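Make the full structure from the sequences, and use the hints.
Here the protein sequences come in this chain order: H and P.
Reminder that position 236 of the first sequence reads as 236 in full-length UniProt numbering, one-by-one numbering, no gaps.
Reminder that position 2 of the second sequence reads as 2 in full-length UniProt numbering, one-by-one numbering, no gaps.
Hint data in this document are derived by calculation from the structure and do not stem from the laboratory.
Keep in mind the model is a prediction, meaning the values are calculated, not measured.
You may find that some hints are simply not true.
Result set (DMTMM-like, lysine to aspartate or glutamate): computed pairs, CA atoms no more than 25 Å apart in a straight line [what the hints assert, rightly or not]:
1) K28/P / E222/P
2) K73/P / E12/P
3) K141/P / E171/H
4) K147/P / E28/H
5) K141/P / E149/H
6) K110/P / E149/H
One letter stands for each residue in the lines below.
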Amino acid sequence: MTWTATVTTLGFILISMFVSLWLRLKLERDLIIGTIRATIQLISIGYVLHFIFTSNHWYWIGLVLLVMITVASQNAAARGKGIPWIFCRIFLTIFIVAGFTLLMMLFLHLIQAKPQVLIPISGMIVGNSMVVSSLVLNQMRQQAEQMREDILVALSLGATSRQASMRLTREAIRSGTIPIVDSLKTVGLVQLPGMMTGLIIAGTNPIEAVRYQLLIMFSFTASATLTSILMGLFVYPTLFNRAHQFIGWRGKTDK
Amino acid sequence: MPKSQPLIELREVTKSYDSPEGRTTPLKEVSAVIPPESVIALMGPSGTGKSTLFRLLNRLEDPDHGSITYKGKPLSEWDPILLRREVHYVFQSAVLFPKTVADNLNYPLKLQGKSMSEEEMARLLERVGLSKSYLTRSIEKLSGGEKQRVHLARSLSLNPHVLLLDEPTASLDPESTERIEQEMRCYREKGHTVLWITHQPEQARRIADQVWHLESGHLRQEEMKR
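Next comes the structure, spelled out in C-alpha cells:
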C-alpha cells in the first residue's frame, strides 16, 4: 500500500465529517482529534516496532510488553474505582495471564520466539485480558449491590467471606468468559476476524491465516477464563473486612 | 449459664450511618441486658434501629461507640463465624438459595463440611408446619409464607443459642403464626433466648417476657406480667 493510497483513506473521515455537518451532530472536533491521534499513535508504534524488529533484542520485547500491560491495567482500573490497589491487582492478573499464555505457546512450539510474532500476539492477549478484566469488574460491582442481602444472609448463617461471595464471584467469572465463548460460536459466520482478514489482504494463504486465527481464538478462550478467575479471586476479598463483615464496593455511601 | 448473669449486655451502644440525605443515628447510647432463657419482643416504628441492633448483635456490623458482650466476652473477641452460628440473625426477607428446600436446609451445615440426614430435615420442616414432601420442591415454586418458614427452618438447623427474629410471621396466616409462636416458646423452654421484632402489641404480649421499645435511637424496657 503506497503513502498516496494511505492519504486517500482520509476520504472516509471526510464522509463522516460531511454527515456530521449536514445533520449537525457536532462530531467534527472529535473526528479531527481522533484522526490525528490515531495517525500519530499508529505511525509512532510502526516506527517503534520497526526499530525493535531490526534490533532483535529480548529486553526491547520485555519493555514493550510492560508498557502494554501498564496501559491496559490503567485503562481497566477505571472500572474498579473504590477497590484498593486495583491497578496492582489488574497488572498482576494481566501479567500472569500474558506470561502463561505466551510461555504455553512457545513451549508447545505454536509460535516462533521472534519479535515479529511475540509482540503482536502479546498485544492481542493483553488487549483481550484488559477487556475481560473490565467486564469482570463491572459485573462484580453490580452483583455486590444486587446480591447484598444474599451475602449478608449467608454470613449470618456462619459462612466465611469466601463462602458468602461464591455466587457473586462465579457470576462475575461467567460474565468475563461469555463474550469469547459466544464469538467462538459465530466466528466465520457473522464476522471475519481482523487478524485473519489482515493476513489474507497481506497475501497470506487463507488456510494459513485461519490456522493463526484459531490459535489466537483458542488462546483467548484460555486467557479470558484465567483472567476472570484471577480477577474474581483478587477482588472479592476487598468486599469484606477481617471480621468477615460485608463492606461492599467502597467509595459508595453505605446504608 | 446461671440465670442471674446477663447473656448479652449492651453498654452505651451508638451506631450512625452516613447517607446522601445526611447522618442518621438509629442507636444512641443504648444500654440493656438480655437475660438467658428469655423471649424479648422488640417494637418501634420502621427505621428506628431494630434491624441495626440485630446486625450489631450478629456482628455483621460493629458499633461506633460502646460495647456488647456475649457470655461476658466482648463480641470483637469472638470468632465472628462461630458467634453468628450462636447468636443468629434471621432476616426479615426470606432469602433462599438455589435450588431446593433440602439444599437450603442443608446449607448451614454444608458450610461446616457436614451434612444433614433426610429425617433431620423433615423434623425441621415439621417444626415450622411444613411436611416432608417440601424437601424436593424448588424454591421458585414456594409461596411467600412457605419461603419464610423454610427460611426460619434453615436457621433452626444451626440450633443457635440466641435467635434474632426480624418479623418472622409477617407473611404468615394466623394458624402458621400460632405454630411459630408455640415453637419459639418451646425453644425458650429448652434454654434458648429469642429476640423478636414485631409490630403487633398483641403478639408481643403473647410471646414475650420483656418488651423493648426503640424510638428515636433510645430504648425503653417494659417487663411483662405472666
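Going through the hints against the structure:
1. K28/P / E222/P: Roughly 19 Å separates the two Cα atoms, so the pair holds.
2. K73/P / E12/P: holds (16 Å)
3. K141/P / E171/H: holds (23 Å)
4. K147/P / E28/H: violated (58 Å)
5. K141/P / E149/H: holds (21 Å)
6. K110/P / E149/H: With Cα atoms ~20 Å apart, K110/P and E149/H stay inside 25 Å; holds.
When each numbered hint is compared with the structure, a violation occurs for hint 4 only.
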